[in-house]
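Trainee: Residue strings, one per chain:
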Amino acid sequence: MAHRVDALYIFLLVVTGMMAFLVCLLVVVFAAKFRHRPGIRAEQIEGSNALEITWSVIPFVIFMAIFVWGAVVYFKEHTPPADATDVYVVAKQWMWKIEHAEGQREINELHVPVGRDIRLIMTSQDVIHSFYIPAFRIKQDVLPGRYTVEWFHATEPGVYHLFCAEYCGTQHSGMVGSVVVENPADYEAWAKANSSGPLSASGEKVFAELGCSACHRSDAPGRGPNLQGVFGKPVQLEDGRIVTADENYIRQTILDPGLTRVKGFQPIMPTFQGLVTDDQLNELVAYIKSISTNRPVTPGDKIGANAAVSQVPGKSQPNGSQVQ
Amino acid sequence: MADSTLIGLHHEEEHRPELLHHFADVTQQRNAASLGMWVFLATEVMFFGGMFCAYLVYRTAYFGDFAAASKSIDATLGATNTGVLICSSLTVVLAVWAAQTARRALLISMLVVTMLFGLAFLGIKGKEYYDKFEEHHVPGASFSFDHVPIPGHPGEYANPRHAEIYFSLYFVMTGLHALHMIVGLGIFTWLLIMAWKGRFTPEYHTPVEIGGLYWHFVDIIWIYLFPLLYLIDRHP
Amino acid sequence: MSMEIAIPQPVERENYLNNEYGFWSWLLTTDHKRIALLYLVSITFFFFIGGFFALLIRLELLTPAGDLVQADTYNKLFTMHGMVMVFFFLIPSIPATLGNFLVPMMIGAKDLAFPRINLLSWYLYIIGGALMLHCMLTGGVDTGWTFYTPFSTNFTNTKIVEAGIAIFIAGFSSILTGLNFVVTIHRMRAPGMTWSRLPLFIWAHYATSIIQLLGTPVIAITIVLVAAERALHLGIFDPKLGGDPLLFQHLFWFYSHPAVYIMILPSMGVVTEIIACFSRKRIFGYHFVAFSSIAIAVFGFLVWAHHMFVAGISVYSALVFSFLSYAVALPSAIKVFNWTATLYKGSIHYDAPMLYAFGFLGLFTIGGLTGLFLAALGIDVHVTDTYFVVAHFHYIMVGGAVMGYLGGMHFWWPKISGKLYPEGWAKLAALIVFIGFNLTFFPQFLLGYMGMPRRYYDYSHMPEFQVLHVLSTAGSTVLGVGYLLPMVYFLWSMRYGRPASDNPWNAAGLEWKTSSPPPTFNFDKEPVVTWEAYNYDELDAPVHPQEVPVGR
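Residue numbers (our numbering), protein chains in the order written: chain W, 1 to 324; chain E, 1001 to 1236; chain L, 2001 to 2552.
The set of hints was computed from the structure by calculation and includes no laboratory data. Backbone N, C-alpha and C define an ideal beta-carbon position, used for all residues, glycine too. Treat the hints with caution; some may be incorrect.
Stated by the list, open to error - Partner residues aside, some chain W positions facing chain L, computed with beta carbon under 7 Å:
| # | residue |
| --- | --- |
| 1 | Phe11 |
| 2 | Leu12 |
| 3 | Glu43 |
| 4 | Glu52 |
| 5 | Val127 |
| 6 | Val176 |
| 7 | Ser178 |
| 8 | Gln236 |
| 9 | Gly240 |
Stated by the list, open to error - In silico DSS-like links for lysine-lysine, alpha-carbon gap of 25 Å or less:
| # | chain 1 | residue 1 | chain 2 | residue 2 |
| --- | --- | --- | --- | --- |
| 10 | L | Lys2345 | W | Lys33 |
| 11 | L | Lys2240 | W | Lys92 |
| 12 | W | Lys92 | L | Lys2159 |
To be verified - Distance ranges between label pairs, derived from CB positions:
| # | chain 1 | residue 1 | chain 2 | residue 2 | range |
| --- | --- | --- | --- | --- | --- |
| 13 | E | Ile1086 | L | Phe2155 | 54 to 62 Å |
| 14 | E | Ile1086 | L | Asn2015 | 51 to 59 Å |
| 15 | W | Asp239 | E | Ile1193 | 35 to 43 Å |
Please model the entire structure based on the sequences and the hints provided.
Mentor: In structure tokens:
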């Protein structure tokens, strides 16, 4: 979608260029033509309502066109395809930790195959960072305490800059890396060479180790809801609200069960805040996704009024051949 | 919009001791002071407004935890303080009336009573803060809020971290309010001194009026604070 | 083509500068004109401090490697540059100097409504400034002027609380100035000075004051919350406790966006006065320009989250704020068109103030138009947090606000000091500033779109950006010279400049109907206004009634 962003950019360049040129031209012409000459006085003109309305309405129409176009691009950037491949990103001062669904782990590098939709599910271990790939024209702040999402679809093999774009401390300038887009064969080779088992398998282990399976049974009704097939589906909470069980919902429930209590169940789930790392949270989310047949499509619903708003600021299909 | 029209018409006004030299006449001076105080109070609304905004956001998100925390502060003391402030606003109104009608003794006594009410408010507030300190409800290293049930939800306990947010907001909001009360007491001390010296007359008592305005404002902020902080989800 | 007429004054009349001498006559003054000069000295001081930090930043960025200063030092440099320039230069600049000096005079009053509060305002500024200086000298702050949480509350080790208190105190200075202006404009206009006869400079300051009054308290409380969180370990913004870092951003930008209108509106007021005077005609569309100022102030409060399009707000929220951001662009565009139309059939003189006004027109237009890029959601995702944004706001604040400020200083200098500045040097300085400015900041638009992030001291991973950085740094040195020149020749003119008459520009406005410099109480007799604003037809009426102006 980088080309979509660039198309809008060029439109803006043309339109604003014309407006700037017009204003500058008029100023220069008037300044020259109406410079002071002895004996000639200025003409006192009050104004002109017609002119005021004209030069209010026309720019406003142009502004609205730009607004709509920009909004359309933004909306597309925030709507990842349902079957996009998940990649988990954990940002910390001052590096990017990448965890592929198939289990590969990288630091400051993101390998992806050409032509695949990639959805980045990102969180921060400490302060706010921002995952910025200029070549793809995408950027999304990465926040502590919740997931934010962006997506892209690379169309050209190559190596592209990855920058942290939200000031995060001493080595903010050093929090750079690369997005390595490879053709499918090379990517498969890389993936095999670097795999350590899928993320969801690690998640299944964590699920057992932390004792989740004691209450969340899949064979019989347990003290907690059965999590088979729950991901991406609507859930009714105790207070009547209906929310979608997306990544942020899962994460929040593990860390703060009191907020998202499911209707019909006792409030006995303990909190795992401090007992589970961001990496383990990603693994658990991957596991719960893997035992669902559906994947979420909609942008997340709001859980509570503030902190745990689940976002899907997903990203574009960048044209990989963009200039960096 | 004719504000400064009375140039030289009221010659005797130019010799009024309280007329500041840059004003055309006392009417303009009084109007300026009055508008000035109203504008200042508007800025105070925005100042407290930021806190109210933060409070509303978290209360909506963590209602149960906030209700539990709210239950742990003493609503009787809060209600008493509300009554104290409402009475003090009454005495302020009486003080202004006394100034308008040249009742110096009443003016002085009403100013004193208002200040006594203010001190009472601060005293009760101090007791409340002390209680919170004793119960380890002051945010920070020694904060604890374990196993406190959420009202109306048997078996559920408040999340201590969210309760700590409640108490953070509680102390900042009531603390800033108390600070404004102390400033108010300072203003009224000065008004008292001026009243004692006989500076206020029916023609000139602007400081009493705008001092009163300030006091009423501080009172109104409390009228909002009390139900928001003390009465979350309380049932008789 | 210059217009000023110098009439040497044989006898020095008593004016606000010479009626009292001595240290305390200045430090305890309640005369709005003296307070304006106190501010002038103070903000100039902070301007050069902020400018010095800028120079160091640009020097570091000459090379891709971070080799001039350490990372932490650089982070402090850009933070302090921002804080000093925003809170201690731009926000007070025009209102506290030109505003303080001119608002009472333009409306025919003897002083502001609350002269002692005016002096208090200056002292608060000085105390805040001193505290900020101390903070900078003893370690400084490294959070960026935006001090986002949780970095500023839980992670940085620098002096957030001290800097926060300094800004808090300076904020009160700003609030009190705004309060003084609003009450003065409402209550102390001279007889006959109706709202429609007010100079547009007054309308601009009125709108600015509304923003100062309603916006600044919100940053004040935000600072209190951040300071409390750091000092007392509260946790309102700490995600580990369930706090929301985005709440901070909302509270911060709720003030900081309207703040940029505090910085530009007074400059627009100055430019309006200059264009009218040097075109010798009334402003085209007076009421539209007046109401545009108010509209900018109102709409300015509704667009803050356009700084947060990638911060994690919802898509729907982003749509609303993008739409409103286009709405707020419209009144500024209307003003630009009205200024341009004022030039039409004018009789234009190219004195230095007008050159600054021309510069403002061009640079503010470019800066404003790039705002349209940023308001477009799809584009903003790419260019936010890059040098594109840096270029955008410097075009407006430096190319716009500072140009207007300098133009105003030149225009009213004869009134303020009673002396004329050297016109030749002034024209040269204006040209140097214009060239230096564009060379510094235009390359940054390109850097931004190419992906150069903000707040990077080391770009050795992208050495291809160096060319543009070198151009930018070169420009900044030229710009620095352009700023030093006026300081030198203004000071020179106070001693050696030609004495100015009451109205060297033959300009409209009550301030020109009294002596240069004015007496302490501004007017010998209270003016009674019976004419409309910008009555240049009367001012330029032929001296001999028999002369008939030649038509075009």
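Trainee: Each of the hints needs a verdict: does it hold here or not?
Mentor: So, going through the hints one by one against the coordinates:
At its closest, the beta carbon of W/Phe11 sits 9 Å from a beta carbon of chain L; the interface hint therefore is violated under the 7 Å criterion. The closest approach between the C-beta of W/Leu12 and any C-beta of chain L is roughly 5 Å, which is under the 7 Å cut-off, so the hint is satisfied. With a least beta-carbon distance of about 4 Å to chain L, the hint placing W/Glu43 at the interface is held under the 7 Å criterion. Because the closest C-beta pair between W/Glu52 and chain L is about 5 Å apart, less than 7 Å, the hint holds.
Because the closest C-beta pair between W/Val127 and chain L is about 4 Å apart, less than 7 Å, the hint holds. Here the hint on W/Val176 is kept, as its CB sits about 5 Å from the closest CB of chain L, short of 7 Å. Given hint, W/Ser178 at the interface with chain L, is violated; its Cβ is 9 Å from that chain's nearest Cβ, farther than 7 Å. Taking 7 Å as the C-beta contact cut-off toward chain L, the hint placing W/Gln236 at the interface is violated, the least distance being around 22 Å.
With its C-beta approaching chain L no nearer than about 21 Å, W/Gly240 sits outside the 7 Å limit, and its interface hint is violated. A hinted pair counts as satisfied when its Cα atoms are at most 25 Å apart, and L/Lys2345 with W/Lys33 qualifies at roughly 8 Å. Between L/Lys2240 and W/Lys92 the CA atoms are separated by roughly 15 Å; this keeps the pair inside 25 Å, and the hint holds. With a C-alpha separation of about 23 Å, the suggested pair W/Lys92 and L/Lys2159 falls inside the 25 Å cut-off, and the hint holds.
A beta carbon spacing of about 45 Å between E/Ile1086 and L/Phe2155 contradicts the range 54 to 62 Å that was offered as a hint. A beta carbon spacing of about 54 Å between E/Ile1086 and L/Asn2015 agrees with the range 51 to 59 Å that was offered as a hint. For the pair W/Asp239 and E/Ile1193, the beta carbons lie near 56 Å from each other, so the given range of 35 to 43 Å is not met.
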